[in-house]
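Okay, here's what each chain looks like letter by letter:
Number of protein chains: 2
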Amino acid sequence: MQLPLLTEARASLTAQVSAINEFGEHTSASIPAERALTIYVDKKELVTLMTLGAWPEWLVLGYLRNQRLVDSVQEIESITVDWDVGVAAVKTRHGIAQYEEKTAKRVVTTGCGQGSMFGDLMASIESIHLPGTTLTQAQLYAIVSAIRLKESTYKSAGSVHGCALFAQDELLLFVEDVGRHNAIDTIAGWMWLQGSSQVQAEGKVFYTTGRLTSEMVIKSAQMGVAVVVSRSGITQMGHQLAQQLGLCTIGRATNKRFLCYSAPERLQMQPALAGNPQPP
Amino acid sequence: MQLPLLTEARASLTAQVSAINEFGEHTSASIPAERALTIYVDKKELVTLMTLGAWPEWLVLGYLRNQRLVDSVQEIESITVDWDVGVAAVKTRHGIAQYEEKTAKRVVTTGCGQGSMFGDLMASIESIHLPGTTLTQAQLYAIVSAIRLKESTYKSAGSVHGCALFAQDELLLFVEDVGRHNAIDTIAGWMWLQGSSQVQAEGKVFYTTGRLTSEMVIKSAQMGVAVVVSRSGITQMGHQLAQQLGLCTIGRATNKRFLCYSAPERLQMQPALAGNPQPP
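For the protein sequence lines, the chains are A and B, in the order given.
Using my numbering, the final residue of the first sequence is 1586, and nothing's skipped along the way.
Using my numbering, the final residue of the second sequence is 1586, and nothing's skipped along the way.
Read the hints as simulated data drawn from the structure, not as lab findings.
A few of these clues could be false.
The list treats identical chains as one, so a pair stands whether inside a single copy or across any two.
[Said to hold, decoys possible] Computed list of lysine to aspartate or glutamate pairs in EDC-like fashion (alpha-carbon distance at most 20 Å, straight line):
#1 Lys1349 x Glu1508
#2 Lys1456 x Glu1314
#3 Lys1350 x Glu1508
#4 Lys1456 x Asp1348
#5 Lys1397 x Glu1476
#6 Lys1562 x Glu1432
#7 Lys1456 x Glu1331
#8 Lys1562 x Glu1331
#9 Lys1397 x Glu1351
#10 Lys1350 x Glu1406
#11 Lys1350 x Glu1331
#12 Lys1456 x Asp1475
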């Protein structure tokens, strides 16, 4: 497989600023970076993303994939990111078919949503068939623990979302961003580079600190990931779509607690691991 | 002033779903609604917003304002929302000038960002002059307390963002949505209906449960609100813009704690109210 050439543009993820606390004391605070990255595809301006900027090339790749602008990673010749000007230049091998058409329809998604989703993502749901991924309660607990240890920028600067990809309970990739849609797109881009056949999506579990909205569920399904874990809750449309897709959503996952909202057949319960139920 | 005619479309804000908890018990969970609202302006499709749907007419109004598609509330004749079909039909009095041009440029903002922002919002910063709003530490504490009492959908269903508008420490409007950009747009729409002169923005304080990103700072400034309070942190670009605008940003505001990141001259410190500093 001919992979695209990617730069490895790096930039500082946090900045120190001075602040005044409740005692009137001058103090120093670490805050996350937020920078504009304008994507050009074959010299045409596509979109500007506001991002922390940890892995901009994977972000751009995942963005193009999740927006369904490009069908195969091999269609992309190179992605060149230059933080000095805040530009990601994408060069395709043969141009993007129906570019105008694909970028015409706009959906502003919920909350920490992608923002604009091109094309009719919702209509594509019926063509998605998820792999037979299952997870044990012990593996779920291992995932929650792994995340607790991992959050780095969040710990130092706060205000970022974390997303992670697991193979069962093995952590493959952890990404933080000021927007969780960026974090999930970055993971999608990374997966795409590894080759994203159903075989490789089998056993994959996606973790997000953010809410399980319609968009998060759709993007996970597009990546072929059949189990999604969140420390937060789920929205009604996220729930409906997950049920439709047979995608297992697990929310409110902190310490030993969680709620499985959909496709519980994918979660092998081991209630003894939860300790004793609290008295009602 | 001739105000637009607005429907009062209401819909259920939460839904009950069944879930399985960590003990393998079947339980019931309350989750927030998330529904698609497609905005048509003079019969032309503009955008689809995913929203909780509490005050859809104000949301549409604020969206049009914050995207700078409409300059005056009087340009809008009516907004008709019909939840059965998920449509908001906007009728303008004389059409929107330079409609194509204004909807051409797209910025996907950070995190819980607006998603797509039309026009060059960033360029408009220099024309903004904020009123001389100040806030005392006692008023700040009153705001944090008021919010703690208020959060309703969040308490029952979680997974929503809350935003509120205060006149000093008097709560004027509290809005929850699955997307905080929707919550802030709803407040902008409400303010617009009240008349949004500088006089009326004087003394206004904006509260958000979400992060102080570039977008939140810009939108507050566009509303003429010079003090913004959050329980979360601030991003680097949010910080830069706030400094540039002289907009007071106060983050990490929980109980008695907070950090003032910018324009501290707007915050009248009363450190005695914070209690005793913790030992280092």
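Outcome of the hint check:
1. Taking the shortest alpha-carbon separations for lysine 1349 and glutamate 1508, neither the intra-copy value of 37 Å nor the inter-copy value of 45 Å comes in at or below 20 Å.
2. For the identical chains of this complex, lysine 1456 and glutamate 1314 are neighbours neither inside a copy (22 Å) nor across copies (46 Å), given an alpha-carbon limit of 20 Å.
3. For the homomeric pair lysine 1350 and glutamate 1508, neither the shortest alpha-carbon distance inside one copy (36 Å) nor that between copies (43 Å) is at most 20 Å.
4. In the homo-oligomer, the alpha carbons of lysine 1456 and aspartate 1348 never lie at most 20 Å apart, since the shortest distance is 37 Å inside one protomer and 50 Å across protomers.
5. In the homo-oligomer, the alpha carbons of lysine 1397 and glutamate 1476 never lie at most 20 Å apart, since the shortest distance is 34 Å inside one protomer and 54 Å across protomers.
6. In the homo-oligomer, the alpha carbons of lysine 1562 and glutamate 1432 never lie at most 20 Å apart, since the shortest distance is 34 Å inside one protomer and 51 Å across protomers.
7. Proximity of lysine 1456 to glutamate 1331 under the C-alpha cut-off of 20 Å is found in neither arrangement, the shortest distances being 31 Å within a copy and 30 Å between copies.
8. Taking the shortest Cα distances, lysine 1562 and glutamate 1331 sit within 20 Å of each other only across copies (14 Å), while inside one copy they are farther apart (39 Å).
9. In this homomeric assembly, lysine 1397 and glutamate 1351 come within 20 Å of each other (Cα to Cα) only inside a single copy, at 12 Å, whereas the closest approach across copies is 31 Å.
10. For a Cα distance limit of 20 Å, the shortest separation of lysine 1350 from glutamate 1406 qualifies both inside one copy, at 11 Å, and across copies, at 18 Å.
11. Within a single copy, lysine 1350 and glutamate 1331 get their C-alpha atoms no closer than 49 Å, and across copies no closer than 54 Å, so neither meets the 20 Å cut-off.
12. Within a single copy, lysine 1456 and aspartate 1475 get their C-alpha atoms as close as 14 Å, which meets the 20 Å cut-off; across copies the closest is 39 Å, which misses it.
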